[in-house]
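For reference, the chains in residue letters:
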Amino acid sequence: MSAPTVTGAPVKDPERKRDNGSGWFTVDGRMLALLGVLVAICVVGYVTRPDAFLTQSNISTMLRLAAAIGVVSVGMTFVIIGGGIDLSVGSIVALCSVWMTTLATQSYGPGVMILCAVAVGAGCGLVNGLLIAYGRMVPFIATLAMYVSARGLAERISNGQTQVVRETGFTTPLRGSLLGVPVLIWIFAAVVLIGWIVLQRTTFGRRTLAVGGNPEAARLAGIDVRRHTALLYVIAGVCCGIAAILVVARTTSGASTNGQLYELDAIAAVVIGGTLLAGGRGSLVGTLIGVLIFTVVGNVFTLNNLETDIQNIAKGAIIVVAVLFQSLRVRRTRAASGRPAGVPTPAA
Amino acid sequence: MTLSVGRRGFLLGGAALGAGAVLTACTSNTPENESTGNGANVQQGGGDNAQPGKAVTIGFSAPAADHGWIAAISRNAQAQAGEFSDVTLKATEGTNDVNQQIAQVETLINDKPDALVILPFDGKALTEVGKQAMAAGIPVVNLDRVFDSPLAYRTWIGGDNYGMGVSAGNYIAAQMKAKGVSSPVIGEVAGIDSLPLTQQRSQGFKDALAANGFSVGPRVAAEFTVESGERQTANLLQSASKLDALWNHDDDQGIGVLAAIDAAGRSEFLMVGGAGSRNAMDLIKADSGVLKATVLYSPSMASSAIALARLIAQAKGMGDLVEREVPASITTFSAVVTKDNVDDYLSIGFQS
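Residue numbers (this note's numbering), protein chains in the order written: chain A, 72 to 419; chain B, 2 to 353.
One chain only, chain A, in its complex shape:
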């Protein structure tokens, strides 16, 4: 599960991963701490409900529930590493879910429904990206505008009603299983894997880190910063489109109320996953663990029949504990290796 936290400016050195001399994977203190939190919550779940927690159906339920917010968080990780923020993800999920489930879209069949969701997501992301990169709007404001208007459009199109999917060509395969694992989880895994490869192994990923770390330096290094920034929002939008497909498959319907508070959940997962809000450093694996932490907490609370208010208090506490714990670990590791705390690790 552990993987390197990617840092710093673009480098071409393929040997970068060996910088700590700990072999194939750099075992990062940050990531260990985060994994520790996840394991601790799982232990609580197992101890309090040994009969229900570690069953195959419960694990598959948790992963299925994590899928949509997980996919959104992948996109969010890219945007935040690139030095931005996207507050509109939840609204875009709502708009995509509504647009792909109108009677007209459904009449074209499952292929068009899926295409529609992705296209609408990409379109919204492109608008965000153009406003931010070329219109020079602050990401917070541009995506806030999208946050409001995308949900408004979703309400307009759906007329405030829940659109049930009657197209079984869509629901049957997507709600089914492949090799014993729900299709939704396969899609989730594929998106995380592709995201990880793009971020870790491609020039695009290196450039994302560079743009987020120091846009001016990135520009001087010959990166088209504006185009790259715009593309990051398109990625986030596409992820929202995919998440909408997952939500529609899960709930068998599209509604303008879908994706509520996704932006906060995704940002929380990304941040406790160790991605710097200022950009320039981050980890997709951290984000994944962050998403899992929140999903497992929700599950453990329900298994123990605890109320939602306590659950929210616990979520807040977990964010604080996870981040504190990480910075402590990092400070200790840094002290041991002679690096000052708080200074981004230079790439080897």
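Bear in mind the hints are in silico, worked out from the structure with no lab data behind them. Any given hint could be a false lead.
[What the hints assert, rightly or not] For lysine to any residue, the following SDA-like pairs were computed, each having C-alpha atoms within a straight-line distance of at most 25 Å:
(1) B:Lys-132 - B:Thr-93
(2) A:Lys-386 - B:Thr-199
(3) B:Lys-113 - B:Lys-286
(4) B:Lys-243 - A:Thr-119
(5) B:Lys-243 - A:Leu-134
(6) B:Lys-317 - B:Lys-340
(7) B:Lys-243 - A:Val-114
(8) B:Lys-207 - A:Thr-379
(9) A:Lys-386 - B:Thr-58
(10) B:Lys-91 - A:Thr-119
(11) B:Lys-286 - A:Thr-379
(12) B:Lys-317 - B:Thr-58
(13) B:Lys-243 - B:Asp-208
(14) B:Lys-340 - A:Arg-237
(15) B:Lys-243 - A:Gln-127
(16) B:Lys-207 - B:Val-217
(17) B:Lys-243 - A:Arg-120
[Unchecked claim] To be clear about the criterion: a stretch of chain B counts as covered by chain A if any three or more of its residues have a C-beta under 8 Å from a C-beta of chain A, and this derived list gives those stretches:
(18) 77-87
(19) 236-250
(20) 307-318
[As the list claims (entries may be wrong)] Label-pair ranges, simulated between beta-carbon atoms:
(21) A:Leu-399 - B:Ser-289: 52 to 58 Å
(22) A:Ile-381 - B:Asp-98: 15 to 21 Å
(23) A:Leu-174 - B:Ser-289: 18 to 24 Å
(24) A:Leu-264 - B:Thr-332: 52 to 58 Å
(25) A:Ser-178 - B:Lys-243: 28 to 34 Å
(26) B:Asp-98 - A:Arg-207: 29 to 35 Å
(27) A:Arg-207 - B:Ala-265: 48 to 54 Å
Even for Gly, the Cβ is constructed at its ideal location relative to N, Cα and C.
Got chain A; can you put chain B on it based on the hints?
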């Protein structure tokens, strides 16, 4: 380099335009071959009251139609007003912004209608403007969410949240006894826990079950949305490997609840819904899944509110009652809709 980017950009732009054209065609929601009807509930009054009287203007204000129930409220009000040849309805655009709704009601007051029907987004916040209308001599029919002061309305009509819970609890208890289940596991999928209406529903449910010697087992709170209903129910089903009954407070979120039950492949229990959507009633009628009943909290109350406002404005009483005036308070009854009586209720099922 620049050239190739330009060409690529051009192609991408063209593709985006094409996709846009296809997508625009996709926003249509007009059914092709089915006439679903809007599920609007209208009823001509009986007896003398059905005869056209003095022509009256009724102002109407409600929150934004952001979910099925509120959308049905506005549709019903419009449709009921259309049934009366002597009623002109002035409806404002629905809003969830309290200040905007206050401004809208103030505008309505300035128009001097003969009566007002107001479903406030927040009863407390709109109390003052209700008083203002009453002070200006315009009778206010307060719909569902109650104002803080009786000075703010002439008549209140609304649903019975506590009664909904009681109806659901009694129905489930009766079913359990009929099946001879001695200590049943009864689950509950509530709405937003911080809302008084959810607390009242849950209290009624708990009290009714307790009166029958049963208690609420696993309980989760969703957010009245399909997605939260699915998420919470998926977890709840993991918590209880065997259920005997499940009450879901709201048929809107019920679509998600049913999706979760379907995904988990569970069918050993009976489920009761809440509110009375058309979708839920169709499922009850088909009797093919776990959903066996729903307890009403029907938006048809908006139609009744318009009828009441008309009677008040025309200074008439309610036909069958001896009172010469419309009563000050009317609570609708939360009936249990089952397979046996669903045909009587299909017409008031709302599109969720």
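The hints, checked one at a time:
no.: 1; hint: B:Lys-132 - B:Thr-93; result: 19 Å, holds
no.: 2; hint: A:Lys-386 - B:Thr-199; result: 23 Å, holds
no.: 3; hint: B:Lys-113 - B:Lys-286; result: 46 Å, violated
no.: 4; hint: B:Lys-243 - A:Thr-119; result: 18 Å, holds
no.: 5; hint: B:Lys-243 - A:Leu-134; result: 22 Å, holds
no.: 6; hint: B:Lys-317 - B:Lys-340; result: 38 Å, violated
no.: 7; hint: B:Lys-243 - A:Val-114; result: 24 Å, holds
no.: 8; hint: B:Lys-207 - A:Thr-379; result: 18 Å, holds
no.: 9; hint: A:Lys-386 - B:Thr-58; result: 52 Å, violated
no.: 10; hint: B:Lys-91 - A:Thr-119; result: 58 Å, violated
no.: 11; hint: B:Lys-286 - A:Thr-379; result: 34 Å, violated
no.: 12; hint: B:Lys-317 - B:Thr-58; result: 15 Å, holds
no.: 13; hint: B:Lys-243 - B:Asp-208; result: 23 Å, holds
no.: 14; hint: B:Lys-340 - A:Arg-237; result: 23 Å, holds
no.: 15; hint: B:Lys-243 - A:Gln-127; result: 16 Å, holds
no.: 16; hint: B:Lys-207 - B:Val-217; result: 6 Å, holds
no.: 17; hint: B:Lys-243 - A:Arg-120; result: 15 Å, holds
no.: 18; hint: 77-87; result: violated (count 0)
no.: 19; hint: 236-250; result: holds (count 6)
no.: 20; hint: 307-318; result: violated (count 0)
no.: 21; hint: A:Leu-399 - B:Ser-289: 52 to 58 Å; result: 56 Å, holds
no.: 22; hint: A:Ile-381 - B:Asp-98: 15 to 21 Å; result: 31 Å, violated
no.: 23; hint: A:Leu-174 - B:Ser-289: 18 to 24 Å; result: 23 Å, holds
no.: 24; hint: A:Leu-264 - B:Thr-332: 52 to 58 Å; result: 57 Å, holds
no.: 25; hint: A:Ser-178 - B:Lys-243: 28 to 34 Å; result: 41 Å, violated
no.: 26; hint: B:Asp-98 - A:Arg-207: 29 to 35 Å; result: 30 Å, holds
no.: 27; hint: A:Arg-207 - B:Ala-265: 48 to 54 Å; result: 49 Å, holds
In summary, the numbered hints that this structure violates are 3, 6, 9, 10, 11, 18, 20, 22, 25.
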